[in-house]
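Novice: For reference, the chains in residue letters:
There are 2 protein chains.
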Amino acid sequence: MADLDEIRPNVHDSLRRVSELLHRHGLVENLVHRQDGPRQELVENLVQKLHLVELQKLLDAQHPADAAYLLESLPLEQRLVVWDLVKADREGEILLEVSDAVRATLIEHMDEKELVAATEQLDTDEIADLAPDLPREVMQDVFKSLSPEEREQLRSAMSYPEGTVGALMDFDMISIRDDVTVEVVLRYLRRLDEMPDHTDQLFVVNYSGQLKGLLPVNRLLVTAPETLVATVMQPELFKHHPQEKAQDVASAFERYDLVSAPVVDDGGRLIGRVTVNAVMDYIREETDNDMLSAGGLLAQEDLFASVWRSVRNRWTWLAINLVTAFIASRVIGLFEGSISKLVALAALMPIVAGISGNSGNQTITMIVRALALGQITAANARKLFAKEIGVSALNGLIWGSVVGLFAFLIYHNWQLGVVLTGAMVLSLMLAAAMAATIPLAMQKRGRDPAQGASVMITAITDSGGFFIFLGLATIFLV
Amino acid sequence: MADLDEIRPNVHDSLRRVSELLHRHGLVENLVHRQDGPRQELVENLVQKLHLVELQKLLDAQHPADAAYLLESLPLEQRLVVWDLVKADREGEILLEVSDAVRATLIEHMDEKELVAATEQLDTDEIADLAPDLPREVMQDVFKSLSPEEREQLRSAMSYPEGTVGALMDFDMISIRDDVTVEVVLRYLRRLDEMPDHTDQLFVVNYSGQLKGLLPVNRLLVTAPETLVATVMQPELFKHHPQEKAQDVASAFERYDLVSAPVVDDGGRLIGRVTVNAVMDYIREETDNDMLSAGGLLAQEDLFASVWRSVRNRWTWLAINLVTAFIASRVIGLFEGSISKLVALAALMPIVAGISGNSGNQTITMIVRALALGQITAANARKLFAKEIGVSALNGLIWGSVVGLFAFLIYHNWQLGVVLTGAMVLSLMLAAAMAATIPLAMQKRGRDPAQGASVMITAITDSGGFFIFLGLATIFLV
Numbered sequence: 045m046a047d048l049d050e051i052r053p054n055v056h057d058s059l060r061r062v063s064e065l066l067h068r069h070g071l072v073e074n075l076v077h078r079q080d081g082p083r084q085e086l087v088e089n090l091v092q093k094l095h096l097v098e099l100q101k102l103l104d105a106q107h108p109a110d111a112a113y114l115l116e117s118l119p120l121e122q123r124l125v126v127w128d129l130v131k132a133d134r135e136g137e138i139l140l141e142v143s144d145a146v147r148a149t150l151i152e153h154m155d156e157k158e159l160v161a162a163t164e165q166l167d168t169d170e171i172a173d174l175a176p177d178l179p180r181e182v183m184q185d186v187f188k189s190l191s192p193e194e195r196e197q198l199r200s201a202m203s204y205p206e207g208t209v210g211a212l213m214d215f216d217m218i219s220i221r222d223d224v225t226v227e228v229v230l231r232y233l234r235r236l237d238e239m240p241d242h243t244d245q246l247f248v249v250n251y252s253g254q255l256k257g258l259l260p261v262n263r264l265l266v267t268a269p270e271t272l273v274a275t276v277m278q279p280e281l282f283k284h285h286p287q288e289k290a291q292d293v294a295s296a297f298e299r300y301d302l303v304s305a306p307v308v309d310d311g312g313r314l315i316g317r318v319t320v321n322a323v324m325d326y327i328r329e330e331t332d333n334d335m336l337s338a339g340g341l342l343a344q345e346d347l348f349a350s351v352w353r354s355v356r357n358r359w360t361w362l363a364i365n366l367v368t369a370f371i372a373s374r375v376i377g378l379f380e381g382s383i384s385k386l387v388a389l390a391a392l393m394p395i396v397a398g399i400s401g402n403s404g405n406q407t408i409t410m411i412v413r414a415l416a417l418g419q420i421t422a423a424n425a426r427k428l429f430a431k432e433i434g435v436s437a438l439n440g441l442i443w444g445s446v447v448g449l450f451a452f453l454i455y456h457n458w459q460l461g462v463v464l465t466g467a468m469v470l471s472l473m474l475a476a477a478m479a480a481t482i483p484l485a486m487q488k489r490g491r492d493p494a495q496g497a498s499v500m501i502t503a504i505t506d507s508g509g510f511f512i513f514l515g516l517a518t519i520f521l522v
Numbered sequence: 045m046a047d048l049d050e051i052r053p054n055v056h057d058s059l060r061r062v063s064e065l066l067h068r069h070g071l072v073e074n075l076v077h078r079q080d081g082p083r084q085e086l087v088e089n090l091v092q093k094l095h096l097v098e099l100q101k102l103l104d105a106q107h108p109a110d111a112a113y114l115l116e117s118l119p120l121e122q123r124l125v126v127w128d129l130v131k132a133d134r135e136g137e138i139l140l141e142v143s144d145a146v147r148a149t150l151i152e153h154m155d156e157k158e159l160v161a162a163t164e165q166l167d168t169d170e171i172a173d174l175a176p177d178l179p180r181e182v183m184q185d186v187f188k189s190l191s192p193e194e195r196e197q198l199r200s201a202m203s204y205p206e207g208t209v210g211a212l213m214d215f216d217m218i219s220i221r222d223d224v225t226v227e228v229v230l231r232y233l234r235r236l237d238e239m240p241d242h243t244d245q246l247f248v249v250n251y252s253g254q255l256k257g258l259l260p261v262n263r264l265l266v267t268a269p270e271t272l273v274a275t276v277m278q279p280e281l282f283k284h285h286p287q288e289k290a291q292d293v294a295s296a297f298e299r300y301d302l303v304s305a306p307v308v309d310d311g312g313r314l315i316g317r318v319t320v321n322a323v324m325d326y327i328r329e330e331t332d333n334d335m336l337s338a339g340g341l342l343a344q345e346d347l348f349a350s351v352w353r354s355v356r357n358r359w360t361w362l363a364i365n366l367v368t369a370f371i372a373s374r375v376i377g378l379f380e381g382s383i384s385k386l387v388a389l390a391a392l393m394p395i396v397a398g399i400s401g402n403s404g405n406q407t408i409t410m411i412v413r414a415l416a417l418g419q420i421t422a423a424n425a426r427k428l429f430a431k432e433i434g435v436s437a438l439n440g441l442i443w444g445s446v447v448g449l450f451a452f453l454i455y456h457n458w459q460l461g462v463v464l465t466g467a468m469v470l471s472l473m474l475a476a477a478m479a480a481t482i483p484l485a486m487q488k489r490g491r492d493p494a495q496g497a498s499v500m501i502t503a504i505t506d507s508g509g510f511f512i513f514l515g516l517a518t519i520f521l522v
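Going down the list, the sequences are from chains A and B.
Number 329 in my numbering belongs to position 285 of the first sequence; there are no gaps in the numbering.
Number 310 in my numbering belongs to position 266 of the second sequence; there are no gaps in the numbering.
Some hints here could point you the wrong way.
The list cannot tell twin chains apart, which means a pair is met if one copy fits it or any two copies do.
[Said to hold, decoys possible] Here are the simulated lysine-lysine pairs, DSS-like style, with alpha carbons at most 30 Å apart:
id, residue 1, residue 2
1, K101, K256
2, K427, K101
3, K93, K283
4, K157, K101
5, K256, K283
6, K157, K256
7, K93, K427
8, K101, K283
9, K188, K131
By construction, these hints were calculated from the structure, which means they are not laboratory data.
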């Protein structure tokens, strides 16, 4: 294996090399179809096979995560050629690593037997991760192939919905009794071929399986062998329940710098553990989803999804946006009389709506972040609200004056400038008031304040900005 | 210590309790000022002190990360009262945990001696993290108090800019020689009081300090004591250089599920390590910054910053937005003649601009994500471009028809509806073309495609949408 300086470029080099080989493979295929001489065909077939052999070698050398990256970066047709070259015993772990959208394209391409074979190699918690994407018959076959204990684990892992601790849990923990000596533990460990990844601590349980404490592996190393486990173990600091929100575990890992943490049932019995890599994947997925929904996409999209599939993925947000645009359009429609008398209003109104929307989104970003961190209390909410109104009033005055001056310079109408400035101040204050209220209200009603708050604020600042500006203009100018 | 069920609510309970105590403290203070009887004063003073004692107890029981959370959630005045109660030997670690904006308010409040005392308790890599926020004289005093080796570490840690591996690095690693037995290593470890956090592996070096391999602690436990280190160690898989981009290390940790990784200098000598908690903090900070800049904020803002400070933090983006709004306004100005003849255009034009902006942002979200993952190559860029154009043309037809029908129903003018539909198709295709091109162009010129791409696309879709719709209308309708 090479060092990372070579590994990172390697992934990208691999992608380039794979594309190249696939390209040649494609060219040769075309040649074969065109030239019919039997001799020619033989030669071309040989060349083609050589390309595939090199491709396969290259794939076999990749870490599953890197193989997943290659598959995600290839257009569908080439992706399937490459997928066919992946060794059967690596298919399971690679399926785990690819994105949901790409996983669907790969599974579609596999028959039942292949899917069962790929799935059977995985741990039960990993099978549970794949389960929602697998055909029912495949899952039945996989289930039959498991031991009774594994079946119980799989059932348990599948019973927890996404976003809970149970969904992040794995069963690869080492548990020890508290009434043995360190030497016994060390002997027990030495009999294992290797310890599971991310084993930074052993879980200490009593005779009925209840979690009593934790024994960090590092402490094990610096303790005299004759010491009793009960005397060196740490009392259970962080234990979680499988129904708990995954978000809470993630915060605990971030705050307290954990590597693993035990999961217990209601009776306090150890049933699994959560590790830092599961938490990192969870955090990555969460922020990814936030970014996507902020960008107006329903879900992670296969880069090379069909046009139709992509259109459907972007459908919802465009439709919502259309409705809010219709409403804003009708607000303007109310003032068509004023606009036809003073057409400058049409040119200036998008400025008010645009800046208000921008300023409102700044406030909402602040508030949503503070809510996510749990920093907003009944005691400080009013203070925050007052601050945001103050900031927007000041911003309104400053930028409103700039905009007013701009209008005066172009239209030589100082009343128009004054009305524009006034509209900016009011509209920005409206934006701040709504942007500070909406996320809090959504949170109170148990909904995710990050989702949709930005769309709502834009809808309000559009319609509100148009209404305030055109309304003031109708009163004072027309 | 309690279990997490109690700990998490505790943090929020603590915040509530702290606010309550501070509130009473404030009330009592007011009373003291008002009532001048000396007896009354004595009693009130006593009550006040009792509150502070309880507050201090509560603070002492908090994990530094939780104390930081409390401080961040309190308005400035109360924050400083609480900060004065924090024990001097905990100030350093809490300063490390608070956000930059809040850290500044705390440091402003401390004198030189306090700052030196707080800083001296930290590890050298932690001092380097605080250094940019500390006055020069404080850093000089701290520097003087360090051992020569620590000075060297601090100098090295401070020499790497943010965003590099060097800035994430710490020096808490255990390194061993490859020519000793496992037993010798175990004896050496047992002499340590405790091992540094996140020690999942020991770093194996040769006589001149060059990294030769890694010895996972777990393997140490399952190996016979008489085995030579050189025969059980793993060859160096992932080593990093301090000048490397932090992003690359973060990807490696995510892909390969690492807990720690060695950092070597150009001569291959071990100089430090990176741990998963530093990586998690880095990822959190990065996504946080992305969210903030997507929301139009320059930097993380203290929730209770002064109005003026907040205004400055939001300045830049509003100014940029204003410029693009001015341009859009002038584009509309070009067509004032057409609008005054057909005022419906004013009401309909924001629909075209709005939907195009939305659709363009969907495309940009896709592309920026794919770029960040390194999935876009010369080979597939053209395919992607074609797909995005296809999606936007189809979306334009679908939603354009809806919008056209809407316009026909309101204005009973079928030509207007057709022009609107045509404008939607063209405008969405323009949005897709630009949204696919801009991030790629920014990346090529070495700039961050996530930054500013969204502002640029909105500017283009606003002005472009107005221009296309009003232009078509002027040609065909007026």
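Novice: All hints are to be evaluated individually against the structure, with a verdict given for each.
Specialist: Tested hints:
Taking CA atoms no more than 30 Å apart as the test, K101 paired with K256 passes between copies only; the shortest distance there is 27 Å, against 49 Å inside one copy. For the homomeric pair K427 and K101, the shortest alpha-carbon distance between copies (27 Å) is at most 30 Å, but the shortest distance inside one copy (63 Å) is not. Taking the closest pair of Cα atoms, K93 and K283 never come within 30 Å of each other, the shortest separation being 55 Å inside a single copy and 36 Å across copies. Proximity of K157 and K101 under a CA criterion of 30 Å is satisfied intra-copy only: 24 Å inside one chain copy versus 63 Å between copies.
For the homomeric pair K256 and K283, the shortest alpha-carbon distance inside one copy (11 Å) is at most 30 Å, but the shortest distance between copies (38 Å) is not. With identical chains, the CA atoms of K157 and K256 are never at most 30 Å apart, being 44 Å at best within one copy and 44 Å at best between copies. When the C-alpha separation of K93 and K427 is checked against a cutoff of 30 Å, the pair qualifies only between copies, where the shortest distance is 27 Å, while the shortest distance within a copy is 71 Å. In this homomeric assembly, K101 and K283 come within 30 Å of each other (Cα to Cα) only across copies, at 25 Å, whereas the closest approach inside a single copy is 44 Å.
In the homo-oligomer, the alpha carbons of K188 and K131 lie at most 30 Å apart inside one protomer (24 Å), although the nearest pairing across protomers, at 60 Å, exceeds that limit.
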